[in-house]
Amino acid sequence: MSLSPHTTPSGFRLPSIHAAPPFFTQQPNPATQAVATEQWSRLILSYAKHRNLFTIKVEDAQTTGGDWDEILRNDRINRKLNTSYLAYILEQMERSCRLAFDPPKQSISAVLYWRTPEEWAEVLHEWATSTGQLNTILTFYEIIEPPVPSPLSGVPMSILRRAINLLIKSNRAQLIAVADGEGVRFLNGSTSK
Amino acid sequence: MGGGQSVPKITKQDRAILELKLQRDKVKQYQKKIQTVLDREHEIAKQCLATGQKDRALLALRRRKYQESLLSKTDGQLENLEQLVSTIEFSLVEVSVLHGLQQGNEVLKEIHKELNIENVERILDETAEAREVQREIGDMLANTLSMEDEEAVQAELRELQSEALGVGETERPITLPSVPETTPVSKAQEAVEEQPERARVPVAA
Numbered sequence: 001m002s003l004s005p006h007t008t009p010s011g012f013r014l015p016s017i018h019a020a021p022p023f024f025t026q027q028p029n030p031a032t033q034a035v036a037t038e039q040w041s042r043l044i045l046s047y048a049k050h051r052n053l054f055t056i057k058v059e060d061a062q063t064t065g066g067d068w069d070e071i072l073r074n075d076r077i078n079r080k081l082n083t084s085y086l087a088y089i090l091e092q093m094e095r096s097c098r099l100a101f102d103p104p105k106q107s108i109s110a111v112l113y114w115r116t117p118e119e120w121a122e123v124l125h126e127w128a129t130s131t132g133q134l135n136t137i138l139t140f141y142e143i144i145e146p147p148v149p150s151p152l153s154g155v156p157m158s159i160l161r162r163a164i165n166l167l168i169k170s171n172r173a174q175l176i177a178v179a180d181g182e183g184v185r186f187l188n189g190s191t192s193k
Numbered sequence: 001m002g003g004g005q006s007v008p009k010i011t012k013q014d015r016a017i018l019e020l021k022l023q024r025d026k027v028k029q030y031q032k033k034i035q036t037v038l039d040r041e042h043e044i045a046k047q048c049l050a051t052g053q054k055d056r057a058l059l060a061l062r063r064r065k066y067q068e069s070l071l072s073k074t075d076g077q078l079e080n081l082e083q084l085v086s087t088i089e090f091s092l093v094e095v096s097v098l099h100g101l102q103q104g105n106e107v108l109k110e111i112h113k114e115l116n117i118e119n120v121e122r123i124l125d126e127t128a129e130a131r132e133v134q135r136e137i138g139d140m141l142a143n144t145l146s147m148e149d150e151e152a153v154q155a156e157l158r159e160l161q162s163e164a165l166g167v168g169e170t171e172r173p174i175t176l177p178s179v180p181e182t183t184p185v186s187k188a189q190e191a192v193e194e195q196p197e198r199a200r201v202p203v204a205a
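Here the protein sequences come in this chain order: A and B. Under full-length UniProt numbering, the first residue of the first sequence is numbered 1, with each subsequent residue one higher. Under full-length UniProt numbering, the first residue of the second sequence is numbered 1, with each subsequent residue one higher.
In short, the hints are calculated from the structure, not lab data. Just so you know, these numbers come straight off a predicted model, no measurement behind them. All residues carry an ideal CB built from backbone N, CA and C; glycine is no exception. Certain hints may be false.
[Claimed, not checked] Far from chain B, some chain A residues (derived; all Cβ distances over 10 Å): (1) LEU3; (2) ALA20; (3) THR83; (4) TYR85; (5) VAL148; (6) PRO156; (7) MET157; (8) ARG162; (9) GLY183.
[As the list claims (entries may be wrong)] Not everything, but these chain B residues come out facing chain A in the computed CB check (under 10 Å): (10) ILE10; (11) ARG15; (12) GLU19; (13) LEU22; (14) ARG24; (15) LYS26; (16) GLN29.
[Stated by the list, open to error] With a straight-line Cα cutoff of 30 Å, these simulated DSSO-like cross-link-like pairs (lysine-lysine) come out: (17) A:LYS49 - B:LYS33; (18) B:LYS46 - B:LYS33; (19) B:LYS28 - A:LYS49.
One chain only, chain A, in its complex shape (with noise of 0.2 Å):
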């Protein structure tokens, strides 16, 4: 079996580690066990970026047929990561500020922050911009299930909240609380810091 990169139906291109059986194994040397973990939350949310994909579970190791099979497992070389293996690179991830665990203080599922939230908040205010919004009460519903698809769609409320808190303090969003919930007015502040 040869190590070379290898295109999943997805169309994501797994780096030739993938096609590594010690890859999915967790290494007793700690040196190359942190350079496996890195290569993985890489491997993690590029491969999250490209399908759009903002949550992962620490069961998605073991469920065949979900979304993060193509990564989680290499069947070309029999293997798959198993769920402690999985959990350890989480925290990883965790503790490199690349997801947050949603709910909190649990360690099971987390949204993925392939882009942190200063960029989402970039994202956000740059398509409230383009799309003429400035100004208008926005509904977080209709932010992250928009009529037209946009980059927003189906961003997890958690991360939407802390971006839009981010344009809040860059006096660049303004929150608006009514009974009912909340909306959102995106202001058109000053770029510049």
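Since the structure of chain A is already known, use the hints to place chain B on it.
Here is chain B on its own, set in the frame of chain A:
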């Protein structure tokens, strides 16, 4: 630097719009739910037919029909809500346009206050006076040169002119061709007389 932009205040209208939009979202979510129910009932009917349970399939289809009618009703509600939201937003735009017009009008009034006819006349008069004074000053300054000085200046100018023109001309002597002494004979005429004869020579076939 200090926060340049102040965040606009949340008005009653803002809240109203938000509430409407939240309602709209709820209707949309409800529609989504009905849509999945519709799909499911369709599947159930199909399965029942496949297993030969015709009456159950019929029941599923009836339920489906009912849900469909609900869906179309909510469509109407959704339209109402969206229209209301659009109307409010449009009215807000109109209000801001009116506000803009008002401000513009006030500025224009302000400007007109400054620009009344008396002021204009006064300023024009003053300007004419000032111009008159300026002309007088200019004349006075020009007249400070005495006649002698003026003559000296003129002489200098002439000198300069003659230098510029005269020197260039004297350096290049004019050479003209001399008049020819013999009467010219036209050679071209002789050649023309000979040619017609040559043309008549027959060419051997």
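Verification of the supplied hints:
1. LEU3: 45 Å, holds
2. ALA20: For ALA20 of chain A, whose nearest Cβ neighbour in chain B is about 43 Å away, the distance exceeds 10 Å, so it holds.
3. THR83: 31 Å, holds
4. TYR85: At about 36 Å from chain B, TYR85 of chain A clears the 10 Å cut-off, so the statement holds.
5. VAL148: With a cut-off of 10 Å, VAL148 of chain A remains clear of chain B, as the shortest Cβ separation is near 14 Å.
6. PRO156: Label holds. Min Cβ-Cβ 17 Å, cutoff 10 Å.
7. MET157: Holds, since 13 Å exceeds 10 Å.
8. ARG162: At about 19 Å from chain B, ARG162 of chain A clears the 10 Å cut-off, so the statement holds.
9. GLY183: 4 Å, violated
10. ILE10: 5 Å, holds
11. ARG15: OK, holds: ARG15 of chain B within 10 Å of chain A, min 5 Å.
12. GLU19: 5 Å, holds
13. LEU22: 5 Å, holds
14. ARG24: 8 Å, holds
15. LYS26: 8 Å, holds
16. GLN29: With Cβ-Cβ at 7 Å, under 10 Å, it holds.
17. A:LYS49 - B:LYS33: Holds: LYS49 of chain A and LYS33 of chain B sit about 28 Å apart, inside 30 Å.
18. B:LYS46 - B:LYS33: Distance of about 20 Å is within 30 Å: holds.
19. B:LYS28 - A:LYS49: 28 Å, holds
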